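There are 2 protein chains.
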Amino acid sequence: MAEGSIWEALDKAGHYGLRNLTAIVDINRFGQRGPTELEWDLDTYRRRVEAFGCQALVVDGHDLVAIDEAFGRARQATGPTVVLARTVKGKGVPEVENQPGWHGKPLKPELAERAVAALGGVRQIRVATPRPEPVPAAAAPTGEPPTMPRYDKGAMVATRNAYGDALRALGSRPDVVALDGEVSDSTRADKFAEAYPDRFFEMFISEQQLVAAAVGLQVRGYRPFAATFAAFLSRAYDFIRMAGVSQADIALSGSHSGVEIGADGPSQMGLEDLAALRAVQGSTVLYPSDAVSCAALVAQMVDRKGVNYLRTTRGKYPVLYDNEDAFPVGGSKLLRGGDDDDITLIGAGVTVHNCLAAADELAREGIKARVIDLYSVKPLDRDRLLDAVRATGGRLLVVEDHYPEGGLGSAVLESLADIPEPVRVTHLAVRGLPTSGTPTQLMEQAGIGVRAIVAAARAAEAPGR
Amino acid sequence: MAEGSIWEALDKAGHYGLRNLTAIVDINRFGQRGPTELEWDLDTYRRRVEAFGCQALVVDGHDLVAIDEAFGRARQATGPTVVLARTVKGKGVPEVENQPGWHGKPLKPELAERAVAALGGVRQIRVATPRPEPVPAAAAPTGEPPTMPRYDKGAMVATRNAYGDALRALGSRPDVVALDGEVSDSTRADKFAEAYPDRFFEMFISEQQLVAAAVGLQVRGYRPFAATFAAFLSRAYDFIRMAGVSQADIALSGSHSGVEIGADGPSQMGLEDLAALRAVQGSTVLYPSDAVSCAALVAQMVDRKGVNYLRTTRGKYPVLYDNEDAFPVGGSKLLRGGDDDDITLIGAGVTVHNCLAAADELAREGIKARVIDLYSVKPLDRDRLLDAVRATGGRLLVVEDHYPEGGLGSAVLESLADIPEPVRVTHLAVRGLPTSGTPTQLMEQAGIGVRAIVAAARAAEAPGR
Numbered sequence: 316m317a318e319g320s321i322w323e324a325l326d327k328a329g330h331y332g333l334r335n336l337t338a339i340v341d342i343n344r345f346g347q348r349g350p351t352e353l354e355w356d357l358d359t360y361r362r363r364v365e366a367f368g369c370q371a372l373v374v375d376g377h378d379l380v381a382i383d384e385a386f387g388r389a390r391q392a393t394g395p396t397v398v399l400a401r402t403v404k405g406k407g408v409p410e411v412e413n414q415p416g417w418h419g420k421p422l423k424p425e426l427a428e429r430a431v432a433a434l435g436g437v438r439q440i441r442v443a444t445p446r447p448e449p450v451p452a453a454a455a456p457t458g459e460p461p462t463m464p465r466y467d468k469g470a471m472v473a474t475r476n477a478y479g480d481a482l483r484a485l486g487s488r489p490d491v492v493a494l495d496g497e498v499s500d501s502t503r504a505d506k507f508a509e510a511y512p513d514r515f516f517e518m519f520i521s522e523q524q525l526v527a528a529a530v531g532l533q534v535r536g537y538r539p540f541a542a543t544f545a546a547f548l549s550r551a552y553d554f555i556r557m558a559g560v561s562q563a564d565i566a567l568s569g570s571h572s573g574v575e576i577g578a579d580g581p582s583q584m585g586l587e588d589l590a591a592l593r594a595v596q597g598s599t600v601l602y603p604s605d606a607v608s609c610a611a612l613v614a615q616m617v618d619r620k621g622v623n624y625l626r627t628t629r630g631k632y633p634v635l636y637d638n639e640d641a642f643p644v645g646g647s648k649l650l651r652g653g654d655d656d657d658i659t660l661i662g663a664g665v666t667v668h669n670c671l672a673a674a675d676e677l678a679r680e681g682i683k684a685r686v687i688d689l690y691s692v693k694p695l696d697r698d699r700l701l702d703a704v705r706a707t708g709g710r711l712l713v714v715e716d717h718y719p720e721g722g723l724g725s726a727v728l729e730s731l732a733d734i735p736e737p738v739r740v741t742h743l744a745v746r747g748l749p750t751s752g753t754p755t756q757l758m759e760q761a762g763i764g765v766r767a768i769v770a771a772a773r774a775a776e777a778p779g780r
Numbered sequence: 316m317a318e319g320s321i322w323e324a325l326d327k328a329g330h331y332g333l334r335n336l337t338a339i340v341d342i343n344r345f346g347q348r349g350p351t352e353l354e355w356d357l358d359t360y361r362r363r364v365e366a367f368g369c370q371a372l373v374v375d376g377h378d379l380v381a382i383d384e385a386f387g388r389a390r391q392a393t394g395p396t397v398v399l400a401r402t403v404k405g406k407g408v409p410e411v412e413n414q415p416g417w418h419g420k421p422l423k424p425e426l427a428e429r430a431v432a433a434l435g436g437v438r439q440i441r442v443a444t445p446r447p448e449p450v451p452a453a454a455a456p457t458g459e460p461p462t463m464p465r466y467d468k469g470a471m472v473a474t475r476n477a478y479g480d481a482l483r484a485l486g487s488r489p490d491v492v493a494l495d496g497e498v499s500d501s502t503r504a505d506k507f508a509e510a511y512p513d514r515f516f517e518m519f520i521s522e523q524q525l526v527a528a529a530v531g532l533q534v535r536g537y538r539p540f541a542a543t544f545a546a547f548l549s550r551a552y553d554f555i556r557m558a559g560v561s562q563a564d565i566a567l568s569g570s571h572s573g574v575e576i577g578a579d580g581p582s583q584m585g586l587e588d589l590a591a592l593r594a595v596q597g598s599t600v601l602y603p604s605d606a607v608s609c610a611a612l613v614a615q616m617v618d619r620k621g622v623n624y625l626r627t628t629r630g631k632y633p634v635l636y637d638n639e640d641a642f643p644v645g646g647s648k649l650l651r652g653g654d655d656d657d658i659t660l661i662g663a664g665v666t667v668h669n670c671l672a673a674a675d676e677l678a679r680e681g682i683k684a685r686v687i688d689l690y691s692v693k694p695l696d697r698d699r700l701l702d703a704v705r706a707t708g709g710r711l712l713v714v715e716d717h718y719p720e721g722g723l724g725s726a727v728l729e730s731l732a733d734i735p736e737p738v739r740v741t742h743l744a745v746r747g748l749p750t751s752g753t754p755t756q757l758m759e760q761a762g763i764g765v766r767a768i769v770a771a772a773r774a775a776e777a778p779g780r
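One line per chain: the protein sequences are A and B, in this order.
Numbering-wise (the working numbering), the first sequence opens with residue 316 and increments by one.
Numbering-wise (the working numbering), the second sequence opens with residue 316 and increments by one.
By construction, these hints were calculated from the structure, which means they are not laboratory data.
Be careful, since some hints might not be right.
[Said to hold, decoys possible] Distance windows between CB atoms, simulated:
#1 B:GLU410 / A:ASP358: 43 to 51 Å
#2 B:PRO424 / A:THR755: 20 to 28 Å
#3 A:GLY531 / B:GLU410: 26 to 34 Å
#4 A:ALA455 / B:THR393: 56 to 64 Å
#5 A:GLU448 / B:GLY580: 25 to 33 Å
#6 B:GLY531 / A:ASP655: 55 to 63 Å
#7 B:GLU410 / A:GLY332: 34 to 42 Å
[Stated by the list, open to error] Computed, partial: chain B to chain A, Cβ under 8 Å:
#8 ALA366
#9 VAL498
#10 PHE519
#11 GLN523
#12 ARG535
#13 ASP553
#14 ALA594
#15 ASP733
#16 ARG739
#17 VAL740
#18 LEU748
Owing to the predicted nature of the structure, the values given are computational and were not obtained by experimental measurement.
Glycine included, each C-beta is placed from N, C-alpha and C at the ideal position.
Isolated chain A (complex conformation) (with noise of 0.2 Å):
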């Protein structure tokens, strides 16, 4: 009860009136290596409790009577109910009885023979309890396949916004939910939103509370889609992580990445989401250019397992690919390539646009720049890469609008770690703290423009180096 996130918990609760969720707290007084702060303090947890929209229930946890009461109020409450259970530790066992330090720890044999003792000896206690009665789960699919958006190619369009389009478009399936922390007019789940507002749950500024009911939702049935800058997916890190571990199914959308983002400044610039959510337990981490692809990954994410995370980027950029063309997860793109390309460069999202840029200007100084858009950061296209380690001699060029550990850069080291052929990979990233400008400046500050593309194309080109 000291997370905060409990009282997201019990606000969300209280706000969108649960009145079939019954949450019971065990106080006994003791955490793991003391008292807890409230300790037996109940009327405070009550009055916490109430003042978060609960109905809070104080009962002594040892009396059955005094519980089975509780749980018929809970039964008939207009609201969520937390029972407030005052528990002794060790309850019954003189020598542990409320007594510290016993957090993890296993009786002695002789001990613990005296416990059972103390507690009546050995016995067979069955309390058949009435099964939950069933309640709707998500509706099936319609088997009906959903209208995807199209893009014009060359229109400018921003990432974030393909991601509502092709959320919307997802929710004619009546199992796609959506959830937003306060920020759907950014991230555009505002689309899916306004087309199905029974299904979209805005969880306002409280993103554990938002994964956390994401994967409440999974266990249901639903497909949920919850967004939130990437950069304040952070704050659900813990919650994240326990989804991959929980092998839950959700799909996280972070909007607002990198230094491309401009004058809103360092604090609201996802640059370490890709190190972070690559490191999840059975995560797929995508990071589309276009519309088009984002759209057909959003398409694909609906049906996967795990945590399935798709970074967007805030400004709108050209659509590059065709509606027909395939995004399968785990694949890439060529973009530009022939048979005597001289160096390969490797982008994602944005950074993409600034590698084609690149590769226009290389090429009118002679130099063949061969580019692949990895939109698929995990699971990895390896086979592409190995291909281009082969036509290029090894040299490769990632750029990343990402801090240079553990992200896009990493994910191609890691997957060409123990390849026989040499590799020489130039890795542009985001070394400093970025400060606020346009989208532009930032990126050429960062080294990540298109001019530090070109110059370190030129460089790793250069005879002798």
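We have chain A; now place chain B onto it with these hints.
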């Protein structure tokens, strides 16, 4: 106020009776995309604040006399005060007053002109306020260097114990303070707490506030060390990220890292912390293998800039080093190695011990393995790695008790990305979802134990690979 971290903060402020703390909440009923959850429900705000142990003063945020009176009452309070100020967004400018849709949007020039006129025209108002009274900041260190702990080579000591020993030793400096998230008997911050109870802060199970309080303490000139399980620091990831952006100087210790913790299962295992912490702006990441190196690193953390993260291990392992050895941040140790090594084994923390045992077994098979203890994960000892690449024909084997993404292996690969020599890195890491077991069982199961290292080194050495 929807973030749980707010309630962690107010709870601690109330618990510790911070009567010099006055928080001001501007309640204008709007969020970014629309109304906030509680809008102008000042009474609910008041009840929540009071339930969390703070004095709540509800004022009209446009009434200067009321604000002044509230500040006067805050000065007299025996605990923290929260001024809940009801305000009207855009007040005084009819065209925007109390209207949604103005978050982060500058007024267009003509509207801005009308707004200035509506507010009384351009004025230069200067209000002279009294300067804050000087409060005692941290006492400067006396100059007497702390007497750091010493360990006998070969003795079995857990690095988390060495953290506690070293922290207690540093306590002789009056500017050193320690915080813990209710697990000090596990992180061993309890050693400091026993010796210096006045400078130890129990933050209970609220990791966001654990890090927030550390950031606050360093503003006042203290040198804070905050500890919890490595896994639980993920709860505070945004606070750590923002400590980096804010260029705060803090020390963090994450204990119980990796599958090595054994029985407690994956929810308690820090397996993504190296990726997450490496990706923090300006961070330092340290992962000692023995008590001597751990104590030496803790001694350096006290005066370092930025976010300094120490990863410690649950179990006891032999002391490898002499008390006189130096362990500079950015350094490494060569534990085995000669002029004709066949392969380089690279570990950090617990895997250093596995590498040493593997090297012994490989030696019996005639394979000469160099062993590097890469205790400084960020910054990394690139020169040592370059030597190893040259000495062992580019054959490196990195083994880490961490997921494969973004950790020690990635750090090594990033560091060697652009060298001309061919490098083949065999990367052993925790690739599946761990279960519960003994440390040895789990490390073998994950493929990071002695047998796995021996087998992988043998394969890397095999002709025709």
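Each hint, compared with the structure:
1. B:GLU410 / A:ASP358: 43 to 51 Å: Since the Cβ atoms of B:GLU410 and A:ASP358 sit about 49 Å apart, the hinted range of 43 to 51 Å holds.
2. B:PRO424 / A:THR755: 20 to 28 Å: Given range 20 to 28 Å: holds, Cβ gap about 24 Å.
3. A:GLY531 / B:GLU410: 26 to 34 Å: violated (43 Å)
4. A:ALA455 / B:THR393: 56 to 64 Å: Once the Cβ atoms are compared, 60 Å apart, the range 56 to 64 Å for B:THR393 and A:ALA455 holds.
5. A:GLU448 / B:GLY580: 25 to 33 Å: holds (32 Å)
6. B:GLY531 / A:ASP655: 55 to 63 Å: holds (59 Å)
7. B:GLU410 / A:GLY332: 34 to 42 Å: holds (36 Å)
8. ALA366: holds (4 Å)
9. VAL498: holds (6 Å)
10. PHE519: Interface hint status for B:PHE519: holds (4 Å vs cutoff 8 Å).
11. GLN523: holds (6 Å)
12. ARG535: B:ARG535 check fails; min Cβ-Cβ to chain A is 22 Å, beyond 8 Å.
13. ASP553: holds (4 Å)
14. ALA594: Since the shortest Cβ distance to chain A is 4 Å, the answer is holds.
15. ASP733: Nearest chain A Cβ about 5 Å off; hint holds.
16. ARG739: Since chain A brings a Cβ to about 5 Å from B:ARG739, closer than 8 Å, the hint holds.
17. VAL740: holds (4 Å)
18. LEU748: holds (5 Å)
Checked against the numbered hints given earlier, the structure breaks hints 3 and 12 and satisfies all the rest.
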